[in-house]
Amino acid sequence: QKEVEQNSGPLSVPEGAIASLNCTYSDRGSQSFFWYRQYSGKSPELIMFIYSNGDKEDGRFTAQLNKASQYVSLLIRDSQPSDSATYLCAVANDYKLSFGAGTTVTVRA
Amino acid sequence: DAGVTQSPTHLIKTRGQHVTLRCSPISGHKSVSWYQQVLGQGPQFIFQYYEKEERGRGNFPDRFSARQFPNYSSELNVNALLLGDSALYLCASSLGTGATVSYEQYFGPGTRLTVT
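Taken in order, these protein sequences are the chains called A and B. For what it's worth, the working numbering labels the leading residue of the first sequence as 19, then goes sequentially. For what it's worth, the working numbering labels the leading residue of the second sequence as 34, then goes sequentially.
The hints are all genuine.
The calculated label-pair distances, taken between Cβ atoms and stated as ranges, are:
1. A:25 - B:53: 35 to 45 Å
2. B:113 - A:89: 35 to 45 Å
3. B:49 - A:36: 44 to 54 Å
4. A:124 - B:100: 39 to 49 Å
Below 30 Å or equal to it, Euclidean Cα-Cα: the simulated DSSO-like pairs (lysine-lysine) are:
5. A:114 - A:85
6. A:60 - B:63
7. A:20 - A:85
8. B:85 - A:60
9. B:63 - A:114
10. A:20 - A:114
11. B:85 - A:114
12. A:60 - B:46
13. B:63 - A:74
Because the hints were derived from the structure by calculation, they are not lab data. Every residue gets a Cβ at the ideal spot worked out from N, C-alpha and C, and that includes glycine.
Put together the whole structure using the sequences plus the hints.
See below:
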């Protein structure tokens with residue numbers, strides 16, 4: 019079983035819609051959870067982090083964490099063409115980040 | 034403020050050669066982590082250094098080594114390069130490294146290494 023798994027893509031959504039990205043992790047001791055956005059040919063950019071169960075909102079992004087289900091998600095509201103990228107879920111245990119393979123999102127104008 | 038910087042941007046090496054990649058963290062950050070990202074996959078953890086000490090190591094062979102300097106910059110060294118070492122090497126900077134919670138890590142632009 020992979021440490022971090024993300025829903026397979028690619029995910030195509032129309033402009034203005036909600037994009038929903040899911041991630042599960044295997045280690046119950048995981049402490050912190052991150053979402054990175056990576057444009058083609060660029061390095062990952064941190065867009066959200068969440069440490070406690072529940073929802074965390076930042077602008078058009080909402081991260082949701084359920085430690086009992088070992089599940090973390092990212093919602094992108096009012097999707098824009100500039101949101102087209104690969105989204106990486108990362109799970110932290112002490113010093114180490116473990117990443118999923120990423121979900122590629124394409125926002126159709 | 035300047036973000037994480039890495040050099041060089043691109044590098045082409047031949048099998049068997051050695052390579053040194055460099056990273057300068059965000060000002061005030063004391064921890065540097067190195068990751069390898071191959072096409073189509075998420076980054077894989079190689080090393081983390083905090084206050085010049087190795088904090089952790091991922092599942093990479095001994096050909097990979099690293100160090101952190103007093104100014105918190107870091108080098109990643111790879112010996113006896115293999116074709117499979119071709120990847121994007123990412124450096125990430127964080128304030129510290131937590132026992133109970135992990136500090137956010139911010140990535141540099143990466144070094145694209147091609148081994149021929």
